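Q: Letter by letter, the chains look like this.
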Amino acid sequence: MLTIQNLTFWYSKQNTIFENLELQLEAGHIYGLLGKNGAGKTTLLKLICGLSFPKSGIVDIDGHIPGKRGMEFLSAIFLVPEEISLPSLSPRTFAEINSDFYPAFDPAKFRECLQKFDVDREMNCSIMSRGQKNKTMIAFALACNTNYLFLDEPTNGLDIPSKAALRSMIASSFTEEKTIILSTHMVRELESLIDSVVILDNHSIILNNTLDEISQKLRFTRSPISVAPTELIYSAKSELGPVSVSKNSSGIPGNVDLEALFNACTSIPEIISSCINH
Amino acid sequence: MNDTLNMNRLWLLIKRQWKENNKGYLLIWGALSLFILGLSALTFSSEQDVEMILYVLLFCFGGCAMTTSLFSRWSDFGRSSFFILLPASSAEKFLCGLFYGFILYIPAYLLNFVIVRYFLTPLLLLPFPGNSLSFSSFIDKGIRDFNFYPFHFYVFTALSLFYIQSVYMIIMIQFRKRQILIFVMILLAVLLVHNFGMRMLMMHLTNFSEGGLLTPGIFIFYDPGFGYYATHANTPVSEYFAFIKLIRHLNSLTWFVVFFMLYLTAWSKLKEREL
Numbered sequence: 001m002l003t004i005q006n007l008t009f010w011y012s013k014q015n016t017i018f019e020n021l022e023l024q025l026e027a028g029h030i031y032g033l034l035g036k037n038g039a040g041k042t043t044l045l046k047l048i049c050g051l052s053f054p055k056s057g058i059v060d061i062d063g064h065i066p067g068k069r070g071m072e073f074l075s076a077i078f079l080v081p082e083e084i085s086l087p088s089l090s091p092r093t094f095a096e097i098n099s100d101f102y103p104a105f106d107p108a109k110f111r112e113c114l115q116k117f118d119v120d121r122e123m124n125c126s127i128m129s130r131g132q133k134n135k136t137m138i139a140f141a142l143a144c145n146t147n148y149l150f151l152d153e154p155t156n157g158l159d160i161p162s163k164a165a166l167r168s169m170i171a172s173s174f175t176e177e178k179t180i181i182l183s184t185h186m187v188r189e190l191e192s193l194i195d196s197v198v199i200l201d202n203h204s205i206i207l208n209n210t211l212d213e214i215s216q217k218l219r220f221t222r223s224p225i226s227v228a229p230t231e232l233i234y235s236a237k238s239e240l241g242p243v244s245v246s247k248n249s250s251g252i253p254g255n256v257d258l259e260a261l262f263n264a265c266t267s268i269p270e271i272i273s274s275c276i277n278h
Numbered sequence: 001m002n003d004t005l006n007m008n009r010l011w012l013l014i015k016r017q018w019k020e021n022n023k024g025y026l027l028i029w030g031a032l033s034l035f036i037l038g039l040s041a042l043t044f045s046s047e048q049d050v051e052m053i054l055y056v057l058l059f060c061f062g063g064c065a066m067t068t069s070l071f072s073r074w075s076d077f078g079r080s081s082f083f084i085l086l087p088a089s090s091a092e093k094f095l096c097g098l099f100y101g102f103i104l105y106i107p108a109y110l111l112n113f114v115i116v117r118y119f120l121t122p123l124l125l126l127p128f129p130g131n132s133l134s135f136s137s138f139i140d141k142g143i144r145d146f147n148f149y150p151f152h153f154y155v156f157t158a159l160s161l162f163y164i165q166s167v168y169m170i171i172m173i174q175f176r177k178r179q180i181l182i183f184v185m186i187l188l189a190v191l192l193v194h195n196f197g198m199r200m201l202m203m204h205l206t207n208f209s210e211g212g213l214l215t216p217g218i219f220i221f222y223d224p225g226f227g228y229y230a231t232h233a234n235t236p237v238s239e240y241f242a243f244i245k246l247i248r249h250l251n252s253l254t255w256f257v258v259f260f261m262l263y264l265t266a267w268s269k270l271k272e273r274e275l
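Heads up: the protein sequence lines correspond to chains W and P, in order. Just so we're aligned, residue 1 is where the first sequence starts under this note's numbering, counting upward by one. Just so we're aligned, residue 1 is where the second sequence starts under this note's numbering, counting upward by one.
Keep in mind the hints are simulated off the structure, nothing from the lab. Remember, predicted model here, so these are calculated numbers, not experimental data. Heads up, a few of these hints could be off.
[Stated by the list, open to error] Below, in silico cross-link-like pairs of lysine-lysine (BS3-like), each with a Cα-Cα straight-line distance of 27 Å or less: (1) P:Lys-269 to W:Lys-109; (2) W:Lys-133 to P:Lys-23; (3) P:Lys-269 to W:Lys-13; (4) P:Lys-271 to W:Lys-68; (5) W:Lys-68 to W:Lys-55; (6) P:Lys-15 to P:Lys-269; (7) W:Lys-68 to P:Lys-269.
[Stated by the list, open to error] One-sided and incomplete, this derived list gives chain W residues near chain P with beta-carbon spacing under 10 Å: (8) Arg-69; (9) Gly-70; (10) Tyr-102; (11) Ser-172; (12) Ser-173.
The beta carbon of each residue, even a glycine, is placed where N, CA and C say it ideally should be.
Can you make the complete structure from the sequences, with help from the hints?
A: Have a look at this one:
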């Protein structure tokens with residue numbers, strides 16, 4: 001379990017990123033970490049991985065303090081950053097020299113992922129495109145089989161078939177012991193994969209719920225006419241037409257429109273949170 | 001799971017480092033060999049041994065380059081985050097850097113130096129007509145060189161490497177950008193402070209009040225104590241203040257301890273490095 005208590009963090013005191021942030025993530029979920037640009041998605045991942053240290057508060061992953069960078073902790077996590085930089089080696093050699101550090105590394109899985117991504121195992125990474133580098137690193141990350149996998153904007157630079165391949169590979173490698181966090185602002189691309197949503201805004205977490213919980217309490221429609229005015233919580237115009245978020249009085253789960261949920265949450269966080277959690 | 005030092009993991013890191021950086025390392029060795037070859041060819045006929053200081057500097061900077069290829073990409077988040085999160089302890093990562101810049105580097109530099117200076121240089125110079133050099137003269141010079149320099153010269157050389165390398169590692173780990181510039185600025189600042197100190201000492205220990213900022217000698221550890229070299233009335237003057245044996249050893253020991261602490265600082269900086 002990943003627990004964050006009273007986390008405060010800043011790069012400069014004038015610009016606080018998190019203030020008394022609280023978060024609890026359980027194994028067996030694929031979390032979508034959503035937030036506006038500069039909300040602190042990458043910073044939160046850095047704090048969770050121990051690449052940055054909290055100014056105050058606690059980050060705890062299965063009893064490990066990430067900042068201590070203990071061996072068990074490092075063997076249990078993998079971060080795929082937004083900016084990938086690979087040495088001048090082929091993916092095969094890259095895996096050969098790094099896989100021994102990860103006890104659960106599966107070479108067959110690595111080969112399979114590269115094949116699905118259509119990346120040549122013998123091609124030198126220095127001449128790869130950004131998308132190919134991303135795919136190599138994601139393939140390595142999935143093959144490492146760590147219990148915690150953090151992917152920062154994983155769909156950046158991927159072509160359309162690769163995005164589909166990414167979704168299928170994450171889904172197939174996911175097990176109940178694992179916790180996967182996908183930090184993204186391209187919610188539609190990973191909508192089918194995510195089962196829980198964490199939304200960051202205004203220095204804290206404004207929503208942390210499973211899609212099941214959300215869909216039981218909220219209804220998302222693309223036509224405001226069908227929503228009773230007393231049930232309507234939020235409405236807005238989007239490029240696909242009007243969108244509305246209303247109370248789901250029937251309790252029958254429907255689809256969650258992540259984009260509408262995100263916009264509603266950042267506009268009226270208290271109302272959305274109280275609707276879902278009460 | 002051993003969190004501090006596991007020899008198997010260290011060996012894996014050493015292998016990984018070689019596979020990732022072998023071209024860079026060979027390039028550094030090529031450059032070092034070329035420098036030694038050029039310097040040997042240019043200064044071989046002279047009986048002056050001033051060029052030895054250039055070999056010492058080359059030795060120190062080569063050591064820095066070899067050590068810190070491991071830590072020099074902090075401005076690249078992708079690479080540095082992968083390195084920090086790689087399941088190996090910071091002690092192992094640090095020792096891997098030292099293995100290339102220290103354990104392997106010192107004997108390899110010496111071997112390279114001997115081969116290039118006393119075997120390759122003759123091959124380069126002997127074919128030129130009109131020079132009176134012979135192959136045996138190179139061997140003779142080699143034997144003379146190694147007999148000429150006292151033990152304290154080697155202590156001084158080792159201390160120079162420890163100092164420059166440890167400072168370089170701290171800077172490489174601490175700063176994200178412009179590390180080389182910061183390193184050069186710090187080295188220059190230390191040299192200036194050192195020279196200023198030497199000048200103050202000389203002004204009080206001798207009756208010198210002349211000489212520019214850079215005229216004092218820079219050999220603190222030069223046998224048999226510390227000394228200076230200056231120009232007085234257009235005449236070069238040098239003098240040594242001899243230490244008794246015990247003080248001399250204590251002096252060297254003090255510097256060894258100081259530089260060991262600097263290496264420890266570099267390791268602790270690596271351990272606490274944030275991105």
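Q: Each hint should be assessed against the structure and marked as holding or not.
A: Consistency of the hints with the structure:
For a cut-off of 27 Å, the pair hint linking P:Lys-269 to W:Lys-109 is broken: about 36 Å separates their Cα positions. At roughly 21 Å between alpha-carbon atoms, W:Lys-133 and P:Lys-23 fall within 27 Å of each other, so this suggested pair holds. Between P:Lys-269 and W:Lys-13, the direct Cα distance comes to roughly 23 Å. Compliance with the 27 Å bound is thereby established for this hinted pair. The hinted pair formed by P:Lys-271 and W:Lys-68 meets the criterion: a straight-line CA distance of about 8 Å does not exceed 27 Å.
Between the alpha carbons of W:Lys-68 and W:Lys-55 the distance comes to roughly 15 Å, so the proposed pair stays at or under 27 Å and holds. Between P:Lys-15 and P:Lys-269 the CA atoms are separated by roughly 24 Å; this keeps the pair inside 27 Å, and the hint holds. A threshold of 27 Å between alpha carbons decides the hint, and for W:Lys-68 with P:Lys-269 the separation of about 13 Å falls inside it, so the pair holds. Interface hint at W:Arg-69: satisfied, since its Cβ lies 7 Å from the closest Cβ of chain P, which is below the 10 Å cut-off.
The criterion of a C-beta within 10 Å of any C-beta in chain P is met by W:Gly-70, whose closest approach is roughly 5 Å, and the hint holds. Using the Cβ-Cβ criterion of 10 Å, the hint placing W:Tyr-102 at the interface with chain P is satisfied: the shortest such distance is roughly 7 Å. Against a cut-off of 10 Å between C-beta atoms, the interface hint on W:Ser-172 is violated, since the closest Cβ of chain P lies about 24 Å away. At its closest, the beta carbon of W:Ser-173 sits 19 Å from a beta carbon of chain P; the interface hint therefore is violated under the 10 Å criterion.
The structure shown violates the earlier hints numbered 1, 11, 12.
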